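Novice: Going down the list, the sequences are from chains S and B. Quick note, the first sequence lines up with residues 1 to 303 if you use the numbering used here. Quick note, the second sequence lines up with residues 304 to 619 if you use the numbering used here.
Treat the hints as calculated values from the structure; they're not laboratory data. In this text, all values refer to a predicted model and were calculated from it rather than measured experimentally. Treat the hints with care, as some may be off.
[What the hints assert, rightly or not] Covered by chain S, per the in silico footprint, the following chain B stretches (three or more residues, Cβ under 8 Å):
(1) 494-503
(2) 553-565
[Stated by the list, open to error] What follows is a list of derived Cβ distance ranges for each label pair:
(3) S/Ala64 <-> B/Asn614: 41 to 49 Å
(4) B/Trp526 <-> S/Leu201: 31 to 39 Å
(5) S/Ala64 <-> B/Leu534: 45 to 53 Å
(6) B/Trp526 <-> S/Ala35: 19 to 27 Å
No residue lacks a Cβ here, since even glycine has one placed at the ideal position from N, Cα and C.
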Amino acid sequence: MAVSVDEAVSTGPARDNPPPARRFGGRGRSVLEIALLTVLAVVMLFPVLWMIETSIKENRDVYAIPAKFFDFDVTMAHFRDVFVAPDGGRSALSVSFLNSVVVAGVSTVLATVLGVPAAWAYSRFGMKAKKDQLFFILSTRFMPPVVVVIPIFLMYRQVGLIDSKLGLILIYAAYNVPFTIWMMKGFVDEVPAEYEDAAMLDGYTRLQAFWKFTLPLLVPGIAATAVFALIFSWNEFVFAIFLTSSDDVRTAPPAIAGLIGGTTVDWGLVAAASVVFALPVLIFAYLVRKHLVAGVTLGAVRR
Amino acid sequence: MSDPVPLTTDDPGQVASATPPARGRSRRLGDRGLAVAFVSPALLLLLAMSVFPLLWALYLSFTDYSATRGGPANFVGFGNYTAILTSAQVHTRALTTLVYVVGAVSLQTVLGFAIAYLISRRTHGRGLLTTLFLVPMMLSPVVVGLFWRFMLDAQFGVINSMLGSVGLGQVEWLTRQRTALVSLIVVDTWQWTPFIMLIALAGLTAVPRYLYEAASIDRASEWFRFRTITLPLVWPLLLIAVLFRAIEAFRLFDLVYILTSGGPGVSTETLSFHVYKVAFLGFNTGTASAYGILMVLVVVVLTQLYLRYLNKLKEG
Chain S
1 MAVSVDEAVS TGPARDNPPP ARRFGGRGRS VLEIALLTVL AVVMLFPVLW
51 MIETSIKENR DVYAIPAKFF DFDVTMAHFR DVFVAPDGGR SALSVSFLNS
101 VVVAGVSTVL ATVLGVPAAW AYSRFGMKAK KDQLFFILST RFMPPVVVVI
151 PIFLMYRQVG LIDSKLGLIL IYAAYNVPFT IWMMKGFVDE VPAEYEDAAM
201 LDGYTRLQAF WKFTLPLLVP GIAATAVFAL IFSWNEFVFA IFLTSSDDVR
251 TAPPAIAGLI GGTTVDWGLV AAASVVFALP VLIFAYLVRK HLVAGVTLGA
301 VRR
Chain B
304 MSDPVPLTTD DPGQVASATP PARGRSRRLG DRGLAVAFVS PALLLLLAMS
354 VFPLLWALYL SFTDYSATRG GPANFVGFGN YTAILTSAQV HTRALTTLVY
404 VVGAVSLQTV LGFAIAYLIS RRTHGRGLLT TLFLVPMMLS PVVVGLFWRF
454 MLDAQFGVIN SMLGSVGLGQ VEWLTRQRTA LVSLIVVDTW QWTPFIMLIA
504 LAGLTAVPRY LYEAASIDRA SEWFRFRTIT LPLVWPLLLI AVLFRAIEAF
554 RLFDLVYILT SGGPGVSTET LSFHVYKVAF LGFNTGTASA YGILMVLVVV
604 VLTQLYLRYL NKLKEG
C-alpha cells in the first residue's frame, strides 16, 4: 500500500477508485457529487479570492457596505505601498520580506546540511537506542513554540542573540532538523544499501560510496525536504515576534501582523502584503505537490 | 524502521575469510566514526536549542524567577505546579482548549474525509481539485488570521454582508464570547481541512481495486462496501492525521494571537495563549515555565500515541 501523494494527485487512468454505482441512477448521483464538490471548492477558495480582490480594490470599495463583488475600481496602489514607503524610499515591509528571504534561506541550508547526513547514518547503521534517539528528535519538533520561546528568550538575552537574524536562523534550523531527518530517512531507506556495498567492493570507502552513489540518488528527496523546511521558516510567527523587535531584523509575518496595530487598519495594504507573502509559498508547494503527504507528516507516513 | 542488515561480510572472528581481520575491524570502526560524525552535529544543535532551554525551563519552573525583576531566583519547590494545577483560571483555559481542539479536529476530520471521498470518486480533474483544495494549508497562520479577521468584521466584513443580503441578521463574530470561539474553530477548520483531506485521499487511492470488484460480484451494497472495505482500510491513516492535528491544535498560538488575542474577555484564551500572557505580560517566568513543562508532558504523551499507531500501521 503506497501512501505517497503521487497517486493522490496524478490522474493516471489505472488509479480510478471505487467504480461509481451505475446500477441505481449513477448519473444523477454523479451530478450531485460534482455539485457538492463545486460548492465545497468555492467555500474553501473564497477567502483566498476575496484577499486577492481586496488587494486590487480602491479603498472606498474595500470598505463598501454591502461588500462589492464585481463592480469595483481596480488599482495597483496597495502593491506599490507594500514595496515603496510614502517618502519614496524602501518600505519597512519590503525590508522585512528581504529578511524573511535571508532567514528562511540560510536556516533551510543549515537544516539540510546537518539533517541529510544524519538521516543517512540513521538509515544505514545500527546505533545504540536508535529508536529512542529518533523519538527524541521527533519530540523536539512537537514542543509548543510558545513554551520553548521563554527559555530561548532568556538564553538569547544572555548571549546577545536577541533581535538578530542569526538567532532566528539558529532556532529555525533547530526546528527543521528533526523534520529533515525524519523525512530524509524515508528517502534513504528507499535507496538499496547494496549500492554502497557494491561500491565498497570496488575499493571505495564508505564515505566515498555515500558521496558518489547514494547522494546523487537523493537529490530529488533533498529538494522536496528543503522546500518544506523553507515553507515552515517562511510562515513561522511565534519565534519571529518574540525574538526580534527592530524593523531591520524583523521578518515578514510579524511585520504584516504589525499592520493591524493602529486604530484604523488599511485592509487593502494588508491584503496586498499577504498576497505578495503567500505567492512564493504557493509556488513552492506546487513544486513539491508529489511529496505533500510525506512532507506534512514529517515523512513518517510513506512507504 | 528495520535494523540495517550487517553490511560487512568480513567477520574478524572468521580466520578463513578472504579479507584480513584487521581490515574488517578498521572498516567497522570507520563506520562508527562516520555515524558519529554525521549524527552529532544535528544532535548538538538540538541539544543547544531544545534540550538546554528545556532544562533551563525545568529549573526555572521550581523558582519564583521573573525576567523583568531580575534578581536571584528563589527555590519554591513544587509551588508553581500546585498553583497551576489547582488554579480555577487554568481549568477554564483547559476547558476552552479542549472545546477548541475537539471541535476543530472533529469538524475538519468529517469535512476532510468527505471531500477526499468525493474527489476519489472522480476520474477527471482530480489533480487540479486536490491542488486547489490544498491552498489554505500552505498559507501562514498570520495571513489566514488577518484575512478572516477582515472577513468577520462586524461592520464591513463580507460574511455579515452576505448574511445581510439573504435577510439574516448581523453577527458580531469576534466580539461576542460564544461566537468568538466558534469563529476560531471555523478558521482553524478552514485552514486544516485540506490536511485531513490529503491524508484521507492518500489512503482512499491506495485501497486495492480488486476488493471493490469482488464486492460488486457479491452484489454488496454501496454502504456495505464503504463500511467493510473503505473505512477499515483508511481508518489507521485517518487516525494518524487526527492525532497529528490534535497535537498541532493543542499548541496553537498564532491564530489566537492574530484573530482574537484571547478575547473577548478570556473566551478564546487557550492554554498556549495563557502561557504567553503569564510569561510576557505578567513576567512570572517561573510560573510560565512550570506551565510550559506541563504542556510539553501532554505533547510527549500525544507524540507517543502518534508513534505507536504509526508503528502499528507500518507493521500491518
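Novice: Against this structure, judge whether each hint is valid.
Specialist: Hints and how they fare:
By the rule of at least three residues with a Cβ nearer than 8 Å to a Cβ of chain S, the coverage given for the segment 494-503 of chain B holds, with 5 such residues. Check result for the segment 553-565 of chain B against chain S: holds, 6 residues qualifying (beta carbon to beta carbon below 8 Å, three or more required). As the Cβ distance of S/Ala64 to B/Asn614 is approximately 56 Å, the hint placing it in 41 to 49 Å is violated. Checked against the given bound of 31 to 39 Å, the beta carbons of B/Trp526 and S/Leu201, roughly 58 Å apart, lie outside it.
Judged by the Cβ atoms, the range 45 to 53 Å given for S/Ala64 and B/Leu534 holds: they are separated by roughly 47 Å. In this structure the hint that B/Trp526 and S/Ala35 lie 19 to 27 Å apart at CB holds, the actual value being about 21 Å.
Hint check: violations occur at hints 3 and 4; the rest are consistent with the structure.
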